[in-house]
Amino acid sequence: MNCDACEPQLIDYAHGELDDETRTDVARHLAGCPDCALEYCRLQADLQGIVDAHAEAPRARVYHMLRRKVAAAHGPSWWQRMRDVFARPVPMYGAVLAGLVPVVAWVAVTWSQPGGSTAKDAGSPPPVPTRDAALRDYDGTEVLPAYRDVL
Amino acid sequence: MAGGQATDEELLSAVRDGDLRAFDALYDRYERRLFGYLRRVSGDRDVAEDLFQDVFITVIGDRTFDPDKGRFSAWLFTVARNRCLEVQRRAGTLERKLLQLPVREPTEDADEALSRVRDVRAAMDELTDSQRQLLLLKQVGELTYRELADIHGVAEGTIKSRLHTAMKAFRRRLAEIGQGT
Ligand SMILES: [Zn+2]
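Going down the list, the sequences are from chains U and W.
In the working numbering, each number is its position in the first sequence, counted from 1, plus 113.
In the working numbering, each number is its position in the second sequence, counted from 1, plus 238.
Only chain U is shown next, with the shape it has when bound in the complex (with noise of 0.2 Å):
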């Protein structure tokens, strides 16, 4: 290919519109024709200039109240929101709260009890009644045994 055949090619080559064998032959010449390349690389900056004079954002509330209507025409159910917070993936310190819950929750029952009572003591007999046992059947009506009648 010489550069009277290869100059016609370059908008095509540009747009990727050529097919293989001749994008092949246009690239071949490229690589050894300063003049073409140079040609090409000032097409590319022509090219390139267009996209850029008109490269232009919309304001951004543009972008706020077509996010409302997207979301009003085809945003989630009720559902599809409860179905993307199962779905939401648990991080690791959660797995670890959530396999300590009942731990701490069987030491809080465990030492609210009355003597705190552990797993030690299942199996063996019957404690000895405590003190607060002891209040606990106190019967205030009752006659203290050093009043009673000894006679």
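If you are wondering where the hints come from, they were derived from the structure by calculation, not from laboratory data.
No residue lacks a Cβ here, since even glycine has one placed at the ideal position from N, Cα and C.
Heads up, none of these hints are tricks.
Just the calculated beta-carbon pair ranges, DEER-fashion:
#1 W/G299 <-> U/V209: 39 to 47 Å
#2 U/M195 <-> W/Q243: 23 to 31 Å
#3 U/G129 <-> W/Q243: 19 to 27 Å
#4 W/R354 <-> U/D117: 26 to 34 Å
#5 U/A184 <-> W/G308: 23 to 31 Å
#6 U/A173 <-> W/R254: 18 to 26 Å
#7 W/E324 <-> U/A144: 46 to 54 Å
#8 U/V203 <-> W/E324: 47 to 55 Å
Using the hints provided, position chain W with the ligand relative to the given structure of chain U.
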């Protein structure tokens, strides 16, 4: 599904299923290109913003689009082009009248001061309406020759020939502007 490697078509499907993160990703991809095209064609920022929303809502809601038969971007810019034409017809104006409106240069926009941008826009202004549309759809919309041919209802070879002519006219004028003529 949110951005990343997802294709436009996958994102569109996710948006239709209620995934707003997919909408954000799709919006990110086309925000500047689509609005830039609409702004240039309509010549007015407010009109372009209304059209922008209208086009997005349409492509998301209109389920006649078949990803197996074409790319999302081609569909998007086809709808955009048609919307522009509809608005112009509804307003009782000729297509060429609106297309020929100069883009108002907002003074607060620092980017507008770039001489290269000014030169390119000036060179584009001097093309015919159809040449300008063609270059915008090709460069900003990134449509293929085949897609452009489908939109315009002509043969692919015709589009290729028109595009070459438009490109040469644009570059010639851009060079003249650069040389101060
Ligand atoms: Zn050469």
